[in-house]
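**Student:** One letter stands for each residue in the lines below.
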Amino acid sequence: MTPTKTAPQNDLPEVYIDDILMTLKYFTDEHEVHLKIIDPQVCMNCESKPCVQFCPVGAYRTQDGGTVQIAFQSCVECGTCRVLCPNSNISWKLPRGGYGVAYKFG
Amino acid sequence: MSTKEKLTFDVIVVGAGLAGSAAAAIAARNGLSVAMIERGQTPGSKNYFGGALYTHSLLEIYPDLWDRKPPLERPVTESGFWFLSKDGMVRATVQGGKMQNDPIDAYVALRAKFDAWWAEQAKKEGVFIIPKTVVVDFIREDEKVVGVITDRPDGEIYAPVVIICEGVNNLLTQKLGLAKHDLKAHASALAVKQLISMPAETINARFGLPSNEHGLAASVMGDVSMGLPGLGFLYTGVDSVSVGVGVTLEALTKAGIKPYELLQRYLNHPMIAPMIAGGRLMEYGAHIIPEGGWTTMPKLYTDGALVAGDAASMVNALHWEGTNMAIMAGKAAGETAVEAHQKRDFSAKSLSAYRARLDKTFVMTDLHQYRNLSHFLKSRPDFMNTYPAFLNDALGMFFSGFGKPKKQLYKDILRSLTDRRPLVKAAGDMIAFGRTIMGF
Numbered sequence: 452m453t454p455t456k457t458a459p460q461n462d463l464p465e466v467y468i469d470d471i472l473m474t475l476k477y478f479t480d481e482h483e484v485h486l487k488i489i490d491p492q493v494c495m496n497c498e499s500k501p502c503v504q505f506c507p508v509g510a511y512r513t514q515d516g517g518t519v520q521i522a523f524q525s526c527v528e529c530g531t532c533r534v535l536c537p538n539s540n541i542s543w544k545l546p547r548g549g550y551g552v553a554y555k556f557g
Numbered sequence: 372m373s374t375k376e377k378l379t380f381d382v383i384v385v386g387a388g389l390a391g392s393a394a395a396a397i398a399a400r401n402g403l404s405v406a407m408i409e410r411g412q413t414p415g416s417k418n419y420f421g422g423a424l425y426t427h428s429l430l431e432i433y434p435d436l437w438d439r440k441p442p443l444e445r446p447v448t449e450s451g452f453w454f455l456s457k458d459g460m461v462r463a464t465v466q467g468g469k470m471q472n473d474p475i476d477a478y479v480a481l482r483a484k485f486d487a488w489w490a491e492q493a494k495k496e497g498v499f500i501i502p503k504t505v506v507v508d509f510i511r512e513d514e515k516v517v518g519v520i521t522d523r524p525d526g527e528i529y530a531p532v533v534i535i536c537e538g539v540n541n542l543l544t545q546k547l548g549l550a551k552h553d554l555k556a557h558a559s560a561l562a563v564k565q566l567i568s569m570p571a572e573t574i575n576a577r578f579g580l581p582s583n584e585h586g587l588a589a590s591v592m593g594d595v596s597m598g599l600p601g602l603g604f605l606y607t608g609v610d611s612v613s614v615g616v617g618v619t620l621e622a623l624t625k626a627g628i629k630p631y632e633l634l635q636r637y638l639n640h641p642m643i644a645p646m647i648a649g650g651r652l653m654e655y656g657a658h659i660i661p662e663g664g665w666t667t668m669p670k671l672y673t674d675g676a677l678v679a680g681d682a683a684s685m686v687n688a689l690h691w692e693g694t695n696m697a698i699m700a701g702k703a704a705g706e707t708a709v710e711a712h713q714k715r716d717f718s719a720k721s722l723s724a725y726r727a728r729l730d731k732t733f734v735m736t737d738l739h740q741y742r743n744l745s746h747f748l749k750s751r752p753d754f755m756n757t758y759p760a761f762l763n764d765a766l767g768m769f770f771s772g773f774g775k776p777k778k779q780l781y782k783d784i785l786r787s788l789t790d791r792r793p794l795v796k797a798a799g800d801m802i803a804f805g806r807t808i809m810g811f
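Residue numbers (our numbering), protein chains in the order written: chain A, 452 to 557; chain B, 372 to 811.
These aren't lab readings, by the way, just hints derived from the structure by calculation. A hint or two may mislead.
DMTMM-like, lysine to aspartate or glutamate: derived pairs with alpha carbons at most 20 Å apart [said to hold, decoys possible]: (1) B:Lys546 - B:Asp508; (2) A:Lys544 - B:Asp553; (3) B:Lys515 - B:Asp716; (4) A:Lys487 - B:Asp522; (5) B:Lys457 - A:Glu465; (6) B:Lys775 - B:Asp764; (7) A:Lys544 - B:Asp508; (8) B:Lys503 - A:Glu483; (9) B:Lys796 - B:Asp764.
Now the in silico label distances, taken between C-beta atoms and shown as ranges [claimed, not checked]: (10) A:Leu475 - B:Pro570: 19 to 27 Å; (11) A:His482 - B:Lys469: 52 to 60 Å; (12) B:Glu584 - A:Leu475: 53 to 61 Å; (13) B:Thr573 - A:Phe478: 29 to 37 Å; (14) B:Phe773 - A:Lys555: 50 to 58 Å; (15) B:Lys714 - A:Glu498: 52 to 60 Å.
Under 7 Å between C-beta atoms, here's a sample of chain A residues computed to sit facing chain B [to be verified]: (16) Pro464; (17) Val466; (18) Lys500; (19) Gln504; (20) Gly530; (21) Ala553.
Just so it is clear, the structure is predicted and the values come from calculations on it, not from any experiment. Where a beta carbon is used, it is the ideal one built from N, C-alpha and C, also for glycine.
Chain B extracted, bound-state conformation (with noise of 0.2 Å):
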């Protein structure tokens, strides 16, 4: 170390993604110096998404944020499930409705695009960003983290508390000793996107929606993931549409297939591909989801630093949460530092104050109601393929078992069922299902 002056902030933020420009903002706007290390070209340049934000968590951190005109693509006003059998599709999405609540809940977004002006947002609250740095490891004195050392050349920086908002491979907190292990292969989903551009008015015409300020978000089960535990998306962006499928990783190592074909064969699906005809693949990327949620969940808190976002295993992988997770959690994180700052109190007993903080809102309660629902997806097979599947066939017999008594039409669409899965058992999923979403 040479004699210059350390490099001294209040508050160091790791990471400029959703979580750490939130956390940073709020602490700048309390009056804390605050340095955010970014390890892209600009923030938001490793980030991927499927995806929608969610815009309540938006407007957590910045009640005005129609006037910051933020870079949304389209809002979500038609959003459901896509059951997908080999050669069919049962649509079940709404729109109207809740879908119309001033504002909009959710909006497609593209994460390059948003994260960087998420982190302009902070930088306007007065955060020095830092791109380009990788955080290596932390300086620790008695035990407690005082700061941080990056890739660069004398590249210690000093801070009471630093917000930990890593991303999915969370290796600083691992560091740490805050998770106690690496991401489950079980409990990790690999997920991987193709952008398609087309033009807007195509986008309309193909998925019904009557102008650019109508958009769609669809969950996709069944064939999309060929059973495996997993969910294909598709959301319509201004002029684009993203189409994607996530997996577990343990699925996808014991199935030995590459995710990119998997990808290629759900935009092969007969019901799909027409969608996204004549479309040019803009961008593929791959991510992993840390879809453990509760289960997989570090510490949240130590002697000079707490954790927050992907890092921390916010997600909940049915309500396809995450991002609105990551912005409260960067919100309490930013609050408890002003708070430990205003105490001058540090130690993992005053930044507990994150974690009940976090308890009062559906970030924490959500998780733990979801706990079980990694290990129902993987347990209970049967609702990648056998029940979309079915729910296929029994609509489409209804539908087309036209001339024949319908008593008959009935048992058949019962055979369909119990040919796939006794139906005893398949009761069973159901009431699993039923106590795994509700957290029995």
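Only chain A is shown next, with the shape it has when bound in the complex (with noise of 0.2 Å):
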């Protein structure tokens, strides 16, 4: 879905993230989920859902219902969700040693 934009000006070229974090690499953990919604609640009530724009790699998506789903497995541990999260609902920890992206050139 493509959520509405606010930009200043309305000239944003529609991205595909998904073919973008393909030249990622990620040692994904099975076990472990590193990022997780606090209370869904707080999200279904939150109007702006500014995760879904700000997140660079896109991880944050509204689900049918007003709930908001975390692809885990794309985040590059930037921290800009726990910094902006109007809500302060998100848990943000690091992935455990080892895991999570891995740039390859950095």
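From these two lone chains plus the hints, build me the complex, please.
**Tutor:** Structure representation (structure tokens):
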């Protein structure tokens, strides 16, 4: 789904972030999730859901019914969501040692 | 805790980035046993920047740097600003002259490769590297830090001094109370970048570089950030170009834009697109830059611990400095750890020598001088759109006004400024800019 754009100028190109993420290498932790929504109800009540916009890998997506789901596998551990979630509703940890994004070039 | 002997070192360094490997190398070189704990698969795998490294700081740790064959890309022989309007560009770059200093002052680098090598040099000094390990907390005795708890089973490691080089997400620094709060949205920038591969000859031809031994570093202002407080950049590697844009977290979320769309908009710009046409995307990434510098700097020491690098907000956003500050701070932290061991005193008072060391370097003087920069960029948005656009108009008119009376031309040029911003306000902006960078 394409959220409405509220940009100062509405001339942003549409980007399929999943194609870009193909260039990234990850070691996915199958046993532990490092990013979690603390209270799903809070997200349902959150009108703006800015996480859907600001996450640089588009890991936050809204679901039917207004909940937010995190594709933690594509997280690059930047920290933006922890700082910007208006409800501080994200439990943000580093992935366990060795897991997560592994930049090949950097 | 088992009855096993405690795993103990003289120094623990958290994070094998630029600051960490510098601190660890200095401490080990002076005879201390050093454990450097890195959360990535290998040092460098979590690290990301524009960007260029500064030769002076690398030589500070390894005077024989060049014999060690550092994996650097191109030397920066041309550097400057590109001012983008919606469909044009004014370039103000410098080449030749001081850009040919021996050695060249800055080198383009890719951090995954470079930081792995940087850590390898520390290992040669005797540092014990523990990769794939996250430090989750500290071991404290009587309020003093005496070690760290990692995410490994029985993962306690002891040392009388811990040097925290954990990077921008300084949760450990916060845990110790050295940072009083989490990152501030107005003082942190999210930078996103694409690494685009192109043949070296193509890069040479498109950027006017005589050979692979020449490189360009451009700071890009104006249309690139859509008027938001932020900057774009472009760096030439040997056979790749790093192109990215960073804006403050606050502006990003207020504008409600997607960072990767802002980046794509920049890559699509009519002046930028031909430079990278035909290139292949090698890697995308994102990282926060702690641009608050002085204003968001945590306390740098406590009983048994020191903080250096991005974790300590050591960034000068205007001059793109940060990597060199991290290395200088790492060195000062390493030296302080050595001195503390000589005195057998790891108290905050003893470790305050770290701050005193840094105060004598450009790190603290510059960060203090530029302390108002974040606020300035936020409060004077005209620097992000009005002036770059005016500059394009003014020069465009100057060089196309043939056959017109020149008096009228100058009036037109002046009007293209005053239509956007009254002269008094523009003068006020310039004075404010001067005051900000001079640190008044």
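**Student:** Now tell me, hint by hint, if it's right for this structure.
**Tutor:** Taking the hints in turn, this is what the structure says about them:
no. : hint                            : in the structure
1   : B:Lys546 - B:Asp508             : holds (8 Å)
2   : A:Lys544 - B:Asp553             : holds (13 Å)
3   : B:Lys515 - B:Asp716             : holds (12 Å)
4   : A:Lys487 - B:Asp522             : holds (19 Å)
5   : B:Lys457 - A:Glu465             : holds (18 Å)
6   : B:Lys775 - B:Asp764             : holds (16 Å)
7   : A:Lys544 - B:Asp508             : holds (12 Å)
8   : B:Lys503 - A:Glu483             : holds (15 Å)
9   : B:Lys796 - B:Asp764             : holds (19 Å)
10  : A:Leu475 - B:Pro570: 19 to 27 Å : holds (23 Å)
11  : A:His482 - B:Lys469: 52 to 60 Å : holds (54 Å)
12  : B:Glu584 - A:Leu475: 53 to 61 Å : violated (31 Å)
13  : B:Thr573 - A:Phe478: 29 to 37 Å : holds (33 Å)
14  : B:Phe773 - A:Lys555: 50 to 58 Å : holds (51 Å)
15  : B:Lys714 - A:Glu498: 52 to 60 Å : holds (58 Å)
16  : Pro464                          : holds (5 Å)
17  : Val466                          : holds (5 Å)
18  : Lys500                          : violated (10 Å)
19  : Gln504                          : holds (5 Å)
20  : Gly530                          : holds (4 Å)
21  : Ala553                          : holds (4 Å)
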